[in-house]
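For this one, chain A is given, so just place chains B, C and D on it according to the hints.
Protein chains in written order, with the working numbering: chain A, 1 to 729; chain B, 1 to 524; chain C, 1 to 332; chain D, 1 to 112.
Don't read these hints as lab results, they were simulated from the structure.
Even for Gly, the Cβ is constructed at its ideal location relative to N, Cα and C.
Computed list of lysine-lysine pairs in DSSO-like fashion (alpha-carbon distance at most 30 Å, straight line):
| hint | chain 1 | residue 1 | chain 2 | residue 2 |
| --- | --- | --- | --- | --- |
| 1 | B | Lys303 | A | Lys683 |
| 2 | A | Lys202 | B | Lys303 |
| 3 | B | Lys102 | B | Lys303 |
Counterexamples of contact, computed for chain D against chain A with all Cβ distances above 12 Å:
| hint | residue |
| --- | --- |
| 4 | His64 |
| 5 | Gln98 |
| 6 | Pro99 |
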Amino acid sequence: MIGSHLLSVLLAAGDTAHASDHGHHSAHFPVALPTEGLGYAGLVLALPLIAMILNGVYAISGVRSKLPAWTTVACLGTAFAVVLNLYLKADIEHPVVVPLFEWINLSWGTGAISAPFGLYLDSLTLLWMLFVTGLGTLIALYASEYMESDVGPAYCRFFGGVSIFLLAMGCLVMGDNLLTLYLGWEGVGFASYMLIGYHFTKPSAVAAAKKAFIVNRIGDLGLALGIYLTWLHFGTLEYSKLFEMLQADGAMAAAQQAMAGGWEVAIIPFLLMAGAFGKSAQLPFYIWLPDAMEGPTPVSALIHAATMVTAGVYLLVRTFPMLELHPAAAPTVAWVGGATALLAATIGMAQYDIKRVMAYSTVSQLGYMFMGVGVLSTFGAAAHVFTHAFFKAVLFLTCGAIMHGFAGQLDLRVLRGLRHVKGWRIVVWTMFYASLCLAGFPIISSGYWSKDVILAEAFANGRPILGGIGLLTAGLTAYYTFRVWFRVCCGPKPDDHDLAKMMGDDHHGDDHHDEGHGEEDHHHHMPHAPKWAVNLVLSVISLAAIGSILLVPEHGWLEHMVAKSSGAGGVGANHHDLPADAGFWADPHGWMKYVASTVGLLGMAVAAWLHLFNRSAADRLRATLLASPLKAVVRAMENKWYVDELYNALIRMPLKIKGHALHMLDRYVLDILVVDGLGRLPKMIGRTLSPLQNGVLQSYAASMAGGVILIALLILVLPMLLDLLGGAA
Amino acid sequence: MSPLLLILIPLLSAVSVAFAPRGVAFRVATISTLVTLAVSLIIASDFGHWYDDGFGLVTELSWLPSIGASFDMHADAPAMWLVLLSTVLMPVCVIGSKTAIKERVREYYAWLLVLEAAMLGVFLAKNLLFFYVAFEFTLVPMYFLIAGWGGSNRASASIKFFLYTFTGSMLTLAGLAYVAWRFADASGGWSFDIPALTAFASVDLSATEQFWVMMAMLAGFAVKVPLFPVHTWLPLAHTEAPTAGSVVLAGVLLKLGTYGLFRFVLPMTPVGVVEAVPAIGALATIGVVYGALICWVQEDVKKLVAYSSVSHLGFCVLGLFALNPSGLQGSILYMINHGLSTGALFLLIGMVYERYHTRDMNRLGGLVANMPIWSAFMVFFVLSSLAVPGLNGFVSEFLCLIGAFSATPDNAQWPGLLGPWYAVFAGTGMILAAMYLLYLTGRLVWGPYRAPPADKNSGLPTDLSSREIGLLLPLALMCVWLGVQPSGLMRTLEPSVERTLAAYPELVPTQVESMAVLEEVNGG
Amino acid sequence: MPPASVIHACTVLAAAALLLLLRPAGSTRLRLVGAVVGIGAFTGILAQLPTFFDGQVMPGGTFFLPFALISVISAVQMITTSRPVYAALHFVLVVLASSGLLVTLGAEFLGFAVVIVYAGAILITYMFVLMLAQQAQSPDLEDERPTYDRFAREPIGGAVVGFLLLAFMNHLIFTGTGELTPGDADPVPARLAAWERVGNMPGRVMELVVQVPEYEQALLPEGETLRVVPDPDGLAATVTVMLNDAPSEVRLQGELARLAIEDNIRGIGVALIEAFPVSLELAGVVLTMAMFGAVILARRQIELTEDEKREASGLPRIGHHDDPKGGEVTHG
Amino acid sequence: MAEAVVPEVFGQLALGHYLILSAFLFAIGLAGFVTRRNMIVMFLCTELMFQAAVIALAAFGRFHLDLSGQVMVIFVLTIAAAEAALALGLVVLLFKRQPTLDAEVWSEMRDV
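This is chain A alone, in the form it adopts within the complex (with noise of 0.2 Å):
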């Protein structure tokens, strides 16, 4: 029934997309209005907060079961369950705020802020619900069996992360105003903190975890501070009124009135993207993604693959109208995206890791988002993340469920053959069917439509160098994906004794506390393969990937559910009405799907002839590589480029120290020297005044008599002092 009514909003919209394109920035949308009779709709927060409530409980009271799952799963399928009636009963004409209580309401004369917590329903939103409830349910169901080793005060622990995850990602994607997407953007935040550090006795986990949150922070500063400026221009963080003041005058307008106002409004939008690169993991703040692996893969899957990390995109899909404040702010959107896109790609050819393979590839994908929004396509980018977030998450999981099965083995040198072993063939395939995603293997995978729109939008908006960019990433990322499977899951069937070699003799990320596990021996031997929960998952995503095709296209559905939201100036931004004579070159949405499929061809062929073909031939191209010039640049791709280090070197470090020598300036200077010392002046004075009191009663008289001389002469000079003062006054 679902997916009737899907088709038909599907077919709908291919007739009504074009005429929602009102030219050159100055799309208008609808805004929401405040609706009575929708209060259910705070359901959606209110399910994952009973389900933290409720795995808080279980923590305490000691359940030793998958209840913490099962309820969460619950939670979070009723949860999807009412986003879903919400999608079918809301008219994407006409968005609504649905106001749940007042939050931070203040107002002194004619100043107030107020930041009421209220869901902002409009197409975009339910966008992003959709596949966030949706993914949320299924991943916790594949967390269900994939944690069950934990069973006990961490599964609870997992599962109240994961619900946190789902609250905070629901106030920040429904929340009617900035404040409430503030709310939710730290509550992710803390969140993946939380999952990311799930394993606390590894301290390279807790590592990762504080630096994730840190290194959000610095972008949450940027968003703060744009969030302030805001509300300083516009008196008001409430998206309807924003978004009504930033159409009534038009955008434009807004823009010429904003540099005449001074830089204060010229930088909200770069300053709100500070924010959404932070969340998002682009450059300068991509570092913690790749770390933030240590969590468990489901929440990899889920937090840093799928959703978390489309907050940022979402951000400035949402706030669209603003980025028009400035010029240059889309561009550098678009370039930054370009860049970490490429510098992510680069990176991930080198990983022996596949989790961190996928976890470069997630952030080179996002930076294809980014440079979707850049080139006013905020479309691609959102069917970008739509994809994305069904292919990346079946990647994830099927990591997970290898990494699983191989006790903690992820090394692509080290496993191999997969396909072969039995058990495992959901993993393979579902795997073999993301990856062509990741690819952009042309028209079966969901990648290559999505990626498509945004590579064309690039060159439609007058950047070819961003483009070219762009689809020398997609060649590379054709081929680091299928490296991967074609390490991973080809090559020589491995009989028993090579499978034994293969698990991983650490327990590196593996989730098992291996207490009661009456089969440890056994596990450590031979890999297990996955159970119905973990495959049901994977079919499930991947078919809920192969349908995305049919939502994806232009004119689709989810154009339409972008065209109707905030992002609207950027769909169809770039189309101009081409002349009908106009050549094969002329239309980059014609020519890219051919050039893009070739690039992605290519890619999976080189990968091929390295890694499936002739296994042997990458560790001889290295070997060439490493012995010829451009041994460096081969070194520092298999280091990233040594970021991290330079981060630390230029950043960590010298505050560290700062760090240091200003305590030890507090400590020594302020308060020994100059507070001690201060505190020591008495006691100074009394020890240089008390050799008078020498115990020698001439002596007592001596100065006895001198303080008299002294006073007499006080007397006497003083008046002459104050005499020469006054006369020279």
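Then chains B, C and D, alone, in the frame of chain A:
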């Protein structure tokens, strides 16, 4: 119900605790603080001036009528909130000390109760002398608490604490006395009535007089806050104080400084304030960053939290001197929030200390393995301290920063003398707060478990006992409540804040002009 | 040379002279030089006085200088001699000379009182103590006297401090006395005050009254206070007394009242009782307390070991020389 | 001879003469107190300073034709007597402890 009860109950119970049998001292103190809390709640519910700028609870009690000294009391909404903060924190302190304090119990609880009386006296005083006596009298019990039940370095800590703050407040006394003298000179009779003196000083003192009076008052209040660079007594005092002492110190005593700034400096010497705002703002901002950076290299947990107070109170002062309602409201809310969350952090650290007798992060770590409930609370209050939205810290920090941000001279309604740069610079404190607080949790809560053998004699379970949970839970709930529903509280602050700031919208432009003239003169 | 510099130069000279005199091993010739310089400086300062000052003439006349010289010379002798007993005797000389000055100043009672109290009582006590303390010492041989008597302690410091103070006082005397008002600048109020004082002493008034021949038989008015009503100019007063059972007015001349006051002993008595009653009481208390104090101090027993007692009285110790705790050994 | 010389050099006697004499005596007394080591002589020096005060007081009294000066002298005498009694008592006591009159022996009250 008379507000006099708020001071008399703790004071009388202090006397009775001091002479009660050893065994009942704790019980008497607990009951006394709980009764005081109940009384304060009743008084607060009857308080008639929540939504206007008036003073309620006016009570007159003569002391030395000839020189105008009295024990008169009054309170406006901000004062009432701080009274509530104090009465809420005191039972927590008393109950929290049950197992930690095993020797000289009677004296200990007696001093705590005296401290409560003095603190409430500060917030309720209507008479300047009464205010000052109470303000100074907080030092005495605190001194004894540190010196008597403190850590290994308690002797020097207590002396430094006492002398440092005392020296500062002597200057404050001089400034206030000057105002009183000028008032007596002008009106022909001594009076120490705070409203009268405030009205007099803000209008009748010349610019130079206001400036120096402000500097004198600032000397005492800034030390108490503590504002960079007069903060160095704080880490030592905090580190050495017993847990309850730290809680009160962070929770309430520091607020005496900011309360003094709010109650005296801002309304009394507006002309002086506008001259000093950029400098004070700069000090506050430096304090934010400075304190945070120092926190980040601490090994002693308690010292870390102590330095975090320096950082946090920098926000508070920045908000105060933004000279606009958002800053001031945020600042007052900050006082309450900081009291709750930092108080709770000290309490939590005290609980660990009771079990392991160390606060060294090199020796403690991964406590979540042994103490999950404690860790949950720790993470919660760290988040609150981090100003994560949805918890209490966020609203106040947000408002302080937004206040500083909008405090530009060209702001139409509330011109100020700070501006975006102060806010941006202080805003980096948000990042640094994340750094040091996560460093704290990363070392203490997470990571591989390491701890010295637990003290078998402490009589405490491995994780928190129900008594301890009972202490922390109300604080946590208040944090959530203030984070989710701050508007009710904020609305009560509005009128008083606007009354306090009444003079500034006219003064600030004048100051800006005179600064411009000065610049021109210097430039030419 | 301006007089101020002369005065300060003289002060410096006087200090130098004192220094010469204080030198422990100073030769007689040096001492002589010191004495001459000192006396010269002293008289030099005195000689500057007329140029500064022409106020009221003080009594004393030719007696002043001898007495002054005696007292100053004796004072210097007192602080420079190495024999404490001589010092005490020189002090007696100072007291005698100053009592002479007191007498010339019209303070006869004090002149004698000072001699009696100081020279008679206090100095005798000092002598007793001195002799008590120096019983074992031979005062005749210079070298055998204790060093603390022979050598002055920090003579320069002492001279500097003393004479700095002197310079300051000189400064005040030479610049400040102009502001003082002599006592009888305006005689009328003084006379009226004298009458008032006398009026408070009925017995004294009656003595005056009966000196007038016609009023030899006069009596105090019964049940009434005696009223002395001075004339506005204070030269005379009217007193109402009882003569032959009837009130009668008698005129007393101003001279009588002056006499009544200027009779030194009576005057002091009146002033003491009248103007300083509380101080008088306090002085009594001080004396009483001093007496108690002296008694208590004198009764205080010092626990001395046998050896210490022997040593104190100049006898050799009994204990072994190589035993540091010899005293205790004897007890054991 | 004296009658012939004195008026010439000194003119009429004035208050200043007495005051200068008093100042000299006081200064000598002070110098003696500081320089002498014998406790008894030191006390004598204080008595000398008292004498200086006595002369000054008497001279002022005469100058103002007021008996208060002389009354003060009586108080000075009182104090001097009291002081002598106590001081000598103390000296005796000290002498009993340590058979010397050197004041510097008794310097236990010194700092350090």
